[in-house]
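Engineer: Given chain A's structure and the hints, the job is docking chain B onto it.
Number of protein chains: 2
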Amino acid sequence: MKDLVEKVTSGDVRTVARLIRDVDDGMPEVREALKALYPYTGRAYVIGITGAPGVGKSTLVDQMVAHLRKRGKTVGVLAVDPTSPFSGGAILGDRVRMQRHSMDPGVFIRSLATRGHFGGLTQSTRSAIDILDAMGKDVILVETVGVGQDEVDVVRSAHTTVIVVIPGMGDDIQAIKAGILEVGDIFLINKSDREGTDKTLAELRLMIEMDQRKHDEGLWKPPIIKVEAIFDKGVDDFLAAVDEHARYLEQTAGGLKSRRSPERVRQEMVEMIKARLFEEVLDKLTETGEFDRAVDAIVKGALDPYSACESLVFPALGGLPAEE
Amino acid sequence: MKDLVEKVTSGDVRTVARLIRDVDDGMPEVREALKALYPYTGRAYVIGITGAPGVGKSTLVDQMVAHLRKRGKTVGVLAVDPTSPFSGGAILGDRVRMQRHSMDPGVFIRSLATRGHFGGLTQSTRSAIDILDAMGKDVILVETVGVGQDEVDVVRSAHTTVIVVIPGMGDDIQAIKAGILEVGDIFLINKSDREGTDKTLAELRLMIEMDQRKHDEGLWKPPIIKVEAIFDKGVDDFLAAVDEHARYLEQTAGGLKSRRSPERVRQEMVEMIKARLFEEVLDKLTETGEFDRAVDAIVKGALDPYSACESLVFPALGGLPAEE
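So the sequence lines, in the order shown, correspond to chains A and B.
Using this note's numbering, the letters of the first sequence correspond one by one to residues 737 to 1060.
Using this note's numbering, the letters of the second sequence correspond one by one to residues 737 to 1060.
This is chain A alone, in the form it adopts within the complex (with noise of 0.2 Å):
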């Protein structure tokens, strides 16, 4: 384990890939690992980007990149995708855009797919990001696809969480926007030489200032800055944009450890324990038979699930009483 540790924290990059993958496999083992690499981490700054499917956050993610090479900064990438319920599988398809930085040693890119593993997605990812915490990384890109409440889950892992919109969604996006304002530090409007650019920025802003009205402890007004990744404009501010909420975060909650406030580890610990529990009491029950016994009860009409789930839940828990 001390060997591991080390290898990781000097950056050996075949030891990090292997421990993600394992991470990603939900490996037992893992977990081991990802104790003794835990002081390690917490140096890193860490920026979640998400959005609806066709907004360009890959280029984005691929131009960040670039920008912060350029300022020295070591950079991890984890592309976040979808499983398909059924194959099991990543979506690599696009992570092909990111091969100019493929031979630059201070760059590492990884996708993550993981579904019902410790966890799932958000737990994955937050273990990915520590060990690319530990293996020095200064900043870590979390990129997920999609804006569903998996994602929103994932940046929030995030220091900084960046919100990717295009001009004129449809009228649909309204209710997705209401869903991430709250957990938006950035957003950024994309392909922005696009007609109904400002017709967007307008309606952000709005939501922005009736959202802030609504919690107005929290003083950060998220910027709203106009960018077209794929000709390259408009990065720069948006990394300016990203350095004044860094400094928003060190001034006001502790700076790096913000990611380590009550909150979030409150969240993050009712998550682990939830897949944890899981675990250990699916493991029991599929040993004995209990569980195909209730699925086929079910299945056959002689029991409803909602008192198969009790039958096998109360025993599990040591004979606990179902008094409610």
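No lab work stands behind these hints: they were computed from the structure.
Treat the hints with caution; some may be incorrect.
No distinction is drawn between identical chains; accordingly, a pair holds when it is met within one copy or between any pair of copies.
As the list claims (entries may be wrong) - Below, simulated EDC-like cross-link-like pairs (lysine to aspartate or glutamate); rule was C-alpha separation at most 20 Å, straight line:
(1) Lys1020 x Glu1046
(2) Lys738 x Asp1040
(3) Lys743 x Asp840
(4) Lys771 x Asp973
(5) Lys809 x Asp748
(6) Lys771 x Glu1046
(7) Lys969 x Asp929
(8) Lys935 x Glu964
Given the structure is predicted, the values throughout are model-derived calculations rather than measurements.
Structural biologist: Frame of chain A; chain B shown alone:
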């Protein structure tokens, strides 16, 4: 309880509305009602509708309701909206469009927003489907906002799952499509008067064909239907495709019961057990203050979250030792 069952099965709107609200709010008492109602479920046909923001799902659902009503079917609609992580409310904005059906006693429309109760959105949606099913609705439409894993899980409860796309959504949509491709029974290209429809059609066709080669045991070939929901064009063709899929299920998978196939029941039980375990254990850990002490130690840097998790989980399971 007998009174409640009678009210629900005779279609009492107020009782049903209250039950669904209780499900959404995660009230423990609702479980007893769900157990009692379960024998009255299994009759309704459930159609799941998912797709990225802006593809016009709400308009489509509105037209579907109108067509199904013309056929004499009673309809339940569940609009599954993302919850804002902080303010916790459903986004009901575009529900307004449904107003033309609001006076029709044959239509019952509700939004669900739950997260973090009873296993989250997926579980709440299933329970709400059960309630509308017991209420006697012939067809239940489940509309989700977004295309994340949550939404995929939600629509997997349906007999027929419809993936809605629009022409020209950029190339990130490819990643999403791959993630949801295998759950789609019908693909619908909405706004198909727009430029790029043929390209989208060709892409979808190719993806479906590639997918079928991988899974040739599944013989249903998802059709791709062109619709302009806002002009009520193509909706009949679409519903004919749903009918055809229902016939296919009838012949191959035991028809309506396929919502209770061993595979689906297994997955549902996994989620339900997970949620219930956590609920029972967290209550105890919160009461004794153990959870707060662990959070505190992590925030102070005195404990890593991985070890903290084990120190909380194992005693809760009756002191199971941490052997792996």
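Engineer: Each of the hints needs a verdict: does it hold here or not?
Structural biologist: Verification of the hints:
When the C-alpha separation of Lys1020 and Glu1046 is checked against a cutoff of 20 Å, the pair qualifies both within a copy, at 15 Å, and between copies, at 17 Å. For the identical chains of this complex, Lys738 and Asp1040 are inter-copy neighbours only, at 17 Å across copies versus 51 Å inside a copy, given an alpha-carbon limit of 20 Å. Taking the shortest alpha-carbon separations for Lys743 and Asp840, only the intra-copy value of 19 Å comes in at or below 20 Å, while the best inter-copy value is 67 Å. Taking the closest pair of Cα atoms, Lys771 and Asp973 never come within 20 Å of each other, the shortest separation being 38 Å inside a single copy and 57 Å across copies.
Taking the shortest Cα distances, Lys809 and Asp748 sit within 20 Å of each other inside one copy (17 Å), while across copies they are farther apart (63 Å). In this homomeric assembly, Lys771 and Glu1046 come within 20 Å of each other (Cα to Cα) only across copies, at 11 Å, whereas the closest approach inside a single copy is 34 Å. Proximity of Lys969 to Asp929 under the C-alpha cut-off of 20 Å is restricted to the intra-copy arrangement: shortest distance 10 Å within a copy versus 33 Å between copies. Taking identical chains as interchangeable, the C-alpha atoms of Lys935 and Glu964 lie at most 20 Å apart only when both belong to the same chain, with a minimum of 17 Å there against 25 Å between chains.
In terms of the numbered hints stated before, the structure departs from hint 4 and from no other.
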